[in-house]
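Chemist: Since chain A is already given, all that's left is putting chain B on it; use the hints.
Number of protein chains: 2
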Amino acid sequence: MKASLSLLLVLVAGSCTLYIPKSGNRVPQTLSRGWGDQLIWAQTYEEALYWARSRNKPLMVLFHLEDSPHCLAFKKVFAENDTIQRILDEDFVVINLMYDTTDKHLSPDGQYVPRIIFVDPSMAVRGDITGRYSNRLYAYEPQDLDLLIRNMEMAKKLLKSQLLA
Amino acid sequence: MKASLSLLLVLVAGSCTLYIPKSGNRVPQTLSRGWGDQLIWAQTYEEALYWARSRNKPLMVLFHLEDSPHCLAFKKVFAENDTIQRILDEDFVVINLMYDTTDKHLSPDGQYVPRIIFVDPSMAVRGDITGRYSNRLYAYEPQDLDLLIRNMEMAKKLLKSQLLA
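As given, the protein sequences belong to chains A and B, one line each in that order. Taking the working numbering, the leading residue of the first sequence gets 109, the next gets one more, and so forth. Taking the working numbering, the leading residue of the second sequence gets 109, the next gets one more, and so forth.
Isolated chain A, as found in the complex (with noise of 0.2 angstroms):
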């Protein structure tokens, strides 16, 4: 009895065991690199045009690096932000990219980061809708919270609907 006892323990033990780098254990990556933890992030972007399109909501594409302190600066108010994170949840589908993908597109004037671009659910890339800086349109800083959230009301004004009204 104790013997199987031991036994079954070792074997449970030894199901649980699972890989650990030479370098050491690694905390895992999440999807919303820090932008945002309780919103639903897409992981590729035709994911996200998936969503956007099935869920006519607008699509915001966030460009950046972790190692960039704009980046850092500007996630930290982001991710704090309660109106630009709920926002976010219940009216948009939400992606970062820390690399460009092939459409051009979405660099219409360079690829910086941090970089916001918002798509119609259309598909359309709204580039009409930028920031304060004229050589850098898509780009914010942590200061320009509320003008990014005046943004967010106008990419959910969608395209479409517009066409129709």
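Hints are not guaranteed to be accurate.
A pair holds if it fits inside one copy or across any two, identical chains being indistinguishable in the list.
With a cut-off of at most 30 angstroms between alpha-carbon atoms, the simulated DSS-like pairs for lysine-lysine come out as follows [stated by the list, open to error]:
#: 1; residue 1: 212; residue 2: 165
#: 2; residue 1: 165; residue 2: 130
#: 3; residue 1: 268; residue 2: 184
#: 4; residue 1: 265; residue 2: 165
#: 5; residue 1: 212; residue 2: 130
#: 6; residue 1: 265; residue 2: 130
#: 7; residue 1: 165; residue 2: 268
#: 8; residue 1: 268; residue 2: 130
#: 9; residue 1: 130; residue 2: 264
#: 10; residue 1: 212; residue 2: 265
#: 11; residue 1: 212; residue 2: 264
#: 12; residue 1: 184; residue 2: 265
#: 13; residue 1: 184; residue 2: 264
The hints are simulated quantities; they were obtained by calculation from the structure and are not laboratory data. Computed from a prediction, not measured in an experiment: that's the story for all the values here.
Modeler: Then chain B, alone, in the frame of chain A:
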């Protein structure tokens, strides 16, 4: 003194209040999606190809769905297999995808799941590296792990080095 301390506490508490959806707190999604939390997963196919080329490592593309019983059964043995996880970590670039890319080379005989396609760092899809099912050439089942390990070893013999030999 007490009042300002209380105010400070309120401010600190306030700045830490993050958005919680009405439906309740969500567990952040990981890029691994349970296929190996210690592996460094590429997010998009473009990113994966870039890593494969720049690191001269073969790429494993793993197509799956979270509500497929075949995928869940295969995922469990895949994630718990120390050999597979170690080889992938040391010698491969890995990506798991739930939506097909626009690249039709990644679905040579259909879009079923689970499906594992190897890509050489020269960007050639290794259509020659197949599993044991003639009607789904790139499918694997839980009992096929040894074959998968042999196929991974085959993918590690890069096409370019074969041409040079």
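Chemist: So, for every hint listed, does it hold in this structure?
Modeler: Status of the hints after comparison with the structure:
no., hint, verdict
1, 212 with 165, "both (22 angstroms within a copy, 27 angstroms between copies)"
2, 165 with 130, "between (44 angstroms within a copy, 19 angstroms between copies)"
3, 268 with 184, "neither (34 angstroms within a copy, 44 angstroms between copies)"
4, 265 with 165, "within (10 angstroms within a copy, 45 angstroms between copies)"
5, 212 with 130, "neither (40 angstroms within a copy, 37 angstroms between copies)"
6, 265 with 130, "between (51 angstroms within a copy, 24 angstroms between copies)"
7, 165 with 268, "within (11 angstroms within a copy, 45 angstroms between copies)"
8, 268 with 130, "between (53 angstroms within a copy, 29 angstroms between copies)"
9, 130 with 264, "between (48 angstroms within a copy, 20 angstroms between copies)"
10, 212 with 265, "within (24 angstroms within a copy, 34 angstroms between copies)"
11, 212 with 264, "within (23 angstroms within a copy, 33 angstroms between copies)"
12, 184 with 265, "within (27 angstroms within a copy, 44 angstroms between copies)"
13, 184 with 264, "within (24 angstroms within a copy, 41 angstroms between copies)"
When each numbered hint is compared with the structure, violations occur for hints 3, 5.
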